[in-house]
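Quick note, the sequences are listed as chains A and B, same order. Per my numbering: the first sequence ends with 158, consecutive numbering throughout. Per my numbering: the second sequence ends with 388, consecutive numbering throughout.
Don't read these hints as lab results, they were simulated from the structure. Be a bit skeptical, because a hint or two may be false.
Simulated pairs of lysine to any residue, SDA-like, Cα-Cα distance not exceeding 25 angstroms [stated by the list, open to error]:
(1) B:K379 x A:D53
(2) B:K382 x A:E17
(3) A:K138 x A:L104
What follows is each chain in one-letter form.
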Amino acid sequence: MNEMLQLLENNARLSEEQLAMMLGKEKGEIRAMIEKFERERVILGYKALIDWDKTDKESVTALIEVKITPQRDRGFDRIAEKIYNYPEVESLYLMSGAFDLAVLIEGKTMKEVAYFVAMKLAPIEDVVATSTHFVLRKYKDKGVIFGADPVDERITNG
Amino acid sequence: MIDYEACIPSAVREIRPSGIRKFFDLVGGRTDVISLTIGEPDFVTPWHIRVAGIDSLERGKTYYTSNSGMKELREAISAYLARRFQIAYAPSQILVTVGGSEAIDLTYRALLAPGDEVIVPQPAFVCYGPLASLTGAAPVYIDTREEDDFRLTPEALRAAITPRTKLLVLPYPNNPTGAIMTREDLEAIAEVLEGTNILVLSDEIYGELTYGRQHCSCAAVPGLAERTILASGFSKAFAMTGWRLGYVAAPAPIFPQMLKIHQYAIMCAPTTAQFAAVEAMTAGDADVEEMRNEYNRRRRYLTAGLRSIGIGCFEAQGAFYVFPNISRFGMTSETFCERLLNEYGVAIVPGSAFGACGEGFARISYAYSVEHISRALDKIEKFTSSFK
C-alpha cells in the first residue's frame, strides 16, 4: 500500500497505532503489511536524516562521474558491485547520458576522497574515466530543507 | 469634545466581535500552548504558484486589472469549475474578489434590503449574521443537529421560510462541523425552494476538501443552479490565505449589479494574486490532491484519537475541522475550552462561537501536523480523564 510507504518514507518513527489511525485501518493489518514489506525488502531500513554540519563531525561528500566499458554478458552489474562494496560509497546509480555511473561518496577529508578515487576507483578494470565533484553545501536532502527552522506564523482568524 | 459613541450607528455598534478571535486573544502571547484553533492551512502556497506571482512582478504587471478580474483568470476559473465540479459558469458570470469574504459581502449588498430575511443554518462561520445585519436585513438562524449529521433538512428550511425570505445561505462543506450536503440533500432543498424567488448563496470555499466523496456544488443541482450565487476562493484549497483572492459566480441578470458595487468599493482584486491564481487554476490540481490526502489522514487520526479517549465525535466529511460533542462533561463549551487552556495548555474553540446551537461542542482544527495533534490529544485525555 503506497500511501503507508510514503508516510513511512517521510517519518519512519510513526507507530503502527498512528499509521492505523491515519489510514483508517486496524493496527494488526498495519503490522502485517510492514512485516510483509520488510520480508520482501520493499522496506530496506529506517534511517535518521542528520545535519552533520551542526555537529563537530568533519566530513566531505563528493559526486564522482564514472565512465566504464561494459563487460560482455554481465553489462554494468559486475563493475557496479566492485564499486558499491566499498563502505565509503554512499550511493551508486547507473545513469543515462554522458557518463555511466554516479558514485556518491563520503569521506572525512578531501584527501581521503581523492585517495579513494586514485587508489580504489580509477584502477578498477573497465573504468575508463572519472570526474570528481565536491559538495560545497547541502541545502536539501530526501525532501527536507536543511537549516530551515519552520515557525508557525498563522494567527487565528477563520 | 466629539461624542464618538454617538457617531457609530447602532447596526455597527451592536455587532459583536468574532468569538473565534475572542478565544484566540485569551491565548495571547503564551508560548506554552498547543493551539488547534487555526482555520487556515499550515501549508505554504505551492512554490510554482508563488513563482507565478513573483514572475508577474518581475515583468512589471503592477497595474489594475479589469474590474471583474483578468480575463485569463476568469476563463481559467470557468474551466476549473467545469472540470472539477461539472458546473457551467461563463467567464462573464465570474467576478474575482478580495477573498471569499468579499464575495459574501458583495452578494449581500447586491441582494438585501432592510426588512429582508436571510436564512443561515448554524453552526456556521461567524460572518453571515453580522454582515447581513449591516444591510438592514435580518438573519434567521436554523439550528442543525448532530443526529442529522449537521445537514440542513428540508423540514427545517420549510419552517423558517416567510414572505420576507430573500436569501438562503448554504455554508457547506461546513466550518466548524465538517458537515457536507450530498446531491440528494440539495435536491430536497431545491424542492422546498421551487416556485419561490428565494436565492441561494452557496459558500463553497471548502469545496475541494471533502473526504470519501466528491463535493456536489449547488450549481450542479437542477432547481438550485439558476438561483445560486456561488462564493469560493483560493485560500483553503490552494493554501493561499494571505493572497486574499476569491471569486463569485452569479446568474447573468444579477452579475452587473454586483459588479457595480465591486467597482466602486474595491476597483479590482490584487493583480499579483490574480497571476498566481491563474497558475493555481491551470496547474494546481496535484497540489490540492496532495494536501487533501494529508488532511484526510489527520482527520482520521484526530477522530479516532478523540473517540478512543471517550469523546464522541461526528464523522466530519469536509473542511479541516472536527466538532466533538463535549456535553457529557457537564459544563458549557466555553468553560470546557477555558479550563482545557488554563489547566492543560491546549487551545480549541468553543462551539458556541459558531451560534447558540454549537453549545455542547468544540471546534478542533486539523490544519496541523500529526505530531502536533498527537501532543494535544495526550493533554486532552489527561483533562477529560480527570472527570471519570
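Exercise for the section: Determine which of the earlier numbered hints do not hold for this structure and return their numbers in increasing order. Expected result: 1
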